[in-house]
Amino acid sequence: MYKYDEIDRRFVNERVAEFRDQTRRFLAGELTEDEFRPLRLRNGLYIQTHAPMLRVAIPYGLLNTRQLRMLAHIARRYDRGYGHFSTRQNIQYNWPKLAEVPDILAELATVEMHAIQTSGNCIRNVTSDHLAGVAADELEDPRPWCELIRQWSTLHPEFNYLPRKFKIAVTGAPNDRAATAVHDIGLQLVRGADGGLGFEVLVGGGLGRMPIIGKRIRAWLPQQELLAYLEAILRVYNRYGRRDNIHRARIKVLVKSLGMEEFTRQVEAEYAANRALAPRVGAAAIARLRASFAPHPYQQLDEPDPTAGAAASFIAWYRHNTRAHKVRGYRVVFVSLKRHGEAPGDMTAAQMDALATLADLHSFGEVRVTHDQNLVLADVAQRDLRALHAALVPLGLATPNIGTLTDMICCPGLDFCSLANAGSIGIAKQIHAQFDDLDYLYDLGEIQVKMSGCMNACGHHHVGHIGILGVDKHGEEWYQITLGGSATGEVALGEVIGPSVPKLDVAATLERIVGVYLEQRDGEAETFLQVVRRIGIAPFKERAYAADTVAA
Amino acid sequence: MRQILWQREVRADCWRYPGEAGDGPLVQTLSELLADANRPPGAGTGVWLGPIDEVALLVPQLPQLALIVVNFEASGDGRGYSQGQLLRQRLGYQRELRAAGAIRRDHLFLLARCGFDAFDFAPGEDPRAALAGLDSYSVGYQPASGTLVQPRMRTPG
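Chains as they are written, first to last, in our numbering: chain A, 1 to 552; chain B, 1 to 157.
The hints are simulated quantities; they were obtained by calculation from the structure and are not laboratory data. The model shown is predicted, which means the values in this text are computed figures rather than measured ones. Some clues are possibly wrong.
[To be verified] Listed below are several chain A residues computed to face chain B (Cβ distance under 7 Å; list not exhaustive):
#: 1; residue: GLU14
#: 2; residue: PHE36
#: 3; residue: GLN151
#: 4; residue: TRP152
#: 5; residue: HIS156
#: 6; residue: PRO157
#: 7; residue: LEU162
#: 8; residue: LYS165
#: 9; residue: ASN238
#: 10; residue: ARG239
#: 11; residue: ALA276
#: 12; residue: ASP415
#: 13; residue: LEU419
[Claimed, not checked] Stretch by stretch, here's where chain A covers chain B in the computed footprint (C-beta under 8 Å, at least three residues):
#: 14; segment: 8-19
#: 15; segment: 75-83
#: 16; segment: 133-140
Think of the CB as a built atom: it goes at the ideal place given N, C-alpha and C, for glycine as much as any other residue.
Go ahead and model the full structure; you've got the sequences and the hints to work with.
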């Protein structure tokens with residue numbers, strides 16, 4: 001993975017010193033809360049329901065084990081012994097003390113980490129495919145480009161005070177696992193007519209209150225032009241995006257109000273006028289970045305059937321929690337953070353330390369964070385799988401439910417977040433209890449449940465096969481359900497099935513919905529999403545609200 | 001008299017902003033400047049830009065301008081950073097470029113990177129103490145109009 005050079009190191013250390021001084025001035029009363037807020041937000045620090053919340057950047061979701069151990073250390077020393085992995089591949093701590101945050105950032109800097117621009121109206125942490133570099137369908141590893149964007153967007157002098165937050169995602173594979181179409185800018189590596197690689201550029205996607213699928217602004221952008229083109233889009237947005245209404249300030253609103261044609265014209269004009277002044281991606285610079293992500297020294301291994309003679313628990317885990325690797329003899333292992341009784345995405349310091357040891361033993365010392373709030377050991381030799389499984393089970397990290405209905409994604413909700421209407425974590429527990437039979441879960445096949453505690457959509461409910469949104473009705477928690485969304489491949493937004501349901505009925509309503517799927521599917525091969533797309537939401541809607549008939 | 005930070009020195013400001021009384025040379029609003037077609041050429045003129053003012057409209061007047069004030073109406077309003085970059089890089093403006101309004105020491109480094117060389121701070125900010133903000137960082141990644149740091153990334157030109 002990328003290693004800091006002297007410039008990166010000096011930069012993060014100077015950032016820590018700057019924030020230490022800003023915190024000191026705030027605590028001494030020299031900065032008001034209003035003055036301090038944008039400064040602390042740009043260092044990942046929110047003031048939440050109980051305490052500050054610190055969001056630490058995990059650029060494009062990639063960690064080495066030294067970093068993972070540092071995250072454990074921070075959880076133990078400055079928090080309550082755990083952290084929460086978010087849907088944007090970051091980690092959040094819910095209980096740090098404001099006065100200690102500069103120390104936390106200084107500790108992070110020692111392992112080449114930071115919390116820069118994980119909040120605030122600026123360019124956020126760039127996200128990518130959690131299978132980057134190991135997926136067989138990839139045209140090119142997107143991570144060198146992600147690292148380039150990380151550096152370019154870090155304290156960009158012109159784009160640090162945008163109208164609103166700005167999210168960029170990159171995928172190197174045609175099967176988009178980074179949901180690029182629901183980002184402010186989505187970049188997909190594509191092959192051009194001359195056989196070379198470039199980018200397809202999407203703009204104006206996003207979830208939140210106004211979910212929109214991004215539109216294509218460029219079918220083809222040569223790779224060396226990437227930063228010049230990003231600067232053009234950002235400059236048009238920075239100058240003309242709305243700033244009078246926080247709910248109308250994302251770039252998607254500007255694209256909509258100008259119209260795609262006019263927006264494109266402005267971006268292209270800016271790009272043409274600024275090309276000579278914008279950063280060009282030099283061949284040597286990108287070659288250095290590519291070298292940082294060179295393939296691991298894989299061995300030539302046989303590929304025996306790992307399930308032969310194995311226990312049923314291993315076979316279930318192997319089938320559900322591992323995926324193909326592009327190198328023969330290796331597998332990608334998903335570490336489930338969706339154990340019954342735990343908040344999705346939560347991990348204790350002890351689990352982090354133990355997983356770091358396992359990653360050193362079995363996966364070249366690296367760990368990835370997924371958009372679905374799980375972790376991945378991406379490079380495990382097949383012959384190590386049984387030992388790894390045996391080690392993960394007692395850690396509570398081997399729940400064989402990846403891709404199933406209980407592999408839900410979920411925002412922190414009312415328990416932690418001051419914006420939330422609903423206790424998403426409680427609903428996750430309710431769903432776990434309702435769907436606790438693994439054989440039944442496996443029979444249901446792949447179903448992505450995504451849940452947000454409010455319309456800001458941190459749980460990405462719009463793109464869940466089943467989406468659940470917490471709404472407040474006269475001080476009570478209710479839940480709106482959408483069907484048919486998808487975050488991968490061809491991104492789609494779900495459709496609301498009808499009135500929201502009361503808190504205690506959520507899991508039972510899901511049970512009725514999946515019942516329709518089981519009746520309607522054309523054999524086990526037809527997934528939930530395929531059935532929703534084929535028959536529409538009407539049959540689901542009809543059954544979802546038919547509580548009495550089912551009970552009778 | 002207003003104290004401003006200019007090229008790392010604190011100095012008293014002689015200019016009169018729009019609406020201010022006094023003797024100094026007047027800073028005109030953009031619309032005043034564009035309406036005043038009879039201005040004698042060569043006169044040192046100052047202009048005041050709000051966040052929505054188009055910098056490209058200044059092109060014909062640029063050789064006569066001795067001061068451009070970019071007013072930041074709110075500390076989170078980043079339009080002025082683009083105005084600074086455009087004035088310096090694309091339009092080649094070389095004389096005083098001043099950031100005024102809701103600016104504090106915490107904005108200095110980025111403002112200077114975008115080509116601002118003069119700073120009229122929000123009330124309560126001591127320009128002398130704020131000077132330290134210029135040196136918050138010794139490195140930067142992106143090419144920009146200011147020469148405060150040597151950026152890692154390069155332009156083709």
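How the hints compare with the structure:
| no. | hint | result |
| --- | --- | --- |
| 1 | GLU14 | 5 Å, holds |
| 2 | PHE36 | 9 Å, violated |
| 3 | GLN151 | 5 Å, holds |
| 4 | TRP152 | 6 Å, holds |
| 5 | HIS156 | 6 Å, holds |
| 6 | PRO157 | 4 Å, holds |
| 7 | LEU162 | 6 Å, holds |
| 8 | LYS165 | 12 Å, violated |
| 9 | ASN238 | 5 Å, holds |
| 10 | ARG239 | 5 Å, holds |
| 11 | ALA276 | 4 Å, holds |
| 12 | ASP415 | 29 Å, violated |
| 13 | LEU419 | 19 Å, violated |
| 14 | 8-19 | violated (count 0) |
| 15 | 75-83 | holds (count 7) |
| 16 | 133-140 | holds (count 5) |
Figure legend: structure checked against the earlier numbered hints; hints not met, in rising order: 2, 8, 12, 13, 14.
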